[in-house]
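*Asks:* Residue 239 is where the sequence shown starts when you use this note's numbering, and the numbers rise one by one after that.
Possibly wrong hints are sitting among the right ones.
[Unchecked claim] Capping the alpha-carbon separation at 30 Å, the derived lysine-lysine pairs in DSBU-like fashion look like this:
no., residue 1, residue 2
1, Lys-363, Lys-242
2, Lys-363, Lys-320
3, Lys-242, Lys-320
By construction, these hints were calculated from the structure, which means they are not laboratory data. The structure displayed is predicted, hence computed values, not measured ones.
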Amino acid sequence: MKLKGTMTIELTDAGSGETETIREENMVTDAVDNILGSNLLGVYFDSGTSSKNITVNSQLLPICPNTLGGILLFADTLEERKDNLYPMSANYPVAYASNDVNLGTDTARGSMNQTESGPIDRGYKFVWDFTTSQGNGTIAAAALTSSWGGKNVYGSETEDGTAFVVMKAVSIAGC
239 MKLKGTMTIE LTDAGSGETE TIREENMVTD AVDNILGSNL LGVYFDSGTS
289 SKNITVNSQL LPICPNTLGG ILLFADTLEE RKDNLYPMSA NYPVAYASND
339 VNLGTDTARG SMNQTESGPI DRGYKFVWDF TTSQGNGTIA AAALTSSWGG
389 KNVYGSETED GTAFVVMKAV SIAGC
């Protein structure tokens with residue numbers, strides 16, 4: 239299955255009220271195939287006390303809006319290669335958002351518009367909103383990320399307590 243998407247960015251001048259609209263067709267990298275095509279170490283499952291107690295990992299599933307539930311906006315362009323899975327760390331995002339509402343003080347982080355986002359025919363529609371004090375800067379590229387990536391990018395200064403998520407815990411005690 240070939241995955242593709244389109245992106246529309248609406249930039250509104252707070253002073254004049256004029257809106258500029260930019261539309262682009264998205265390139266989908268191998269990251270999506272890697273996420274959807276594997277369950278490395280069973281990370282999509284939470285283990286209970288026995289093998290009969292396997293439940294779906296709610297931090298990853300459903301895929302939309304969890305595994306693919308965030309956006310990163312970059313000041314510099316991203317190299318358009320199918321195998322380009324991680325942006326260069328020197329190209330730090332100027333703005334980002336997750337699959338929830340930003341209730342904190344992080345001015346780089348926007349909020350998902352939960353009224354306009356959701357499943358559509360053969361896909362999913364994401365809408366993120368940034369107020370005039372959020373996500374200011376030059377935007378040269380955009381990339382989908384996980385909901386956790388949209389909250390903390392590479393470890394947010396304002397929410398550093400949630401920068402890492404335990405994917406799977408295994409005890410080898412008693413072996």
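*Asks:* Does each hint hold? Answer for all of them.
*Replies:* Status of each hint after checking the structure:
1. Lys-363 <-> Lys-242: holds, 12 Å
2. Lys-363 <-> Lys-320: holds, 22 Å
3. Lys-242 <-> Lys-320: Holds, at about 12 Å.
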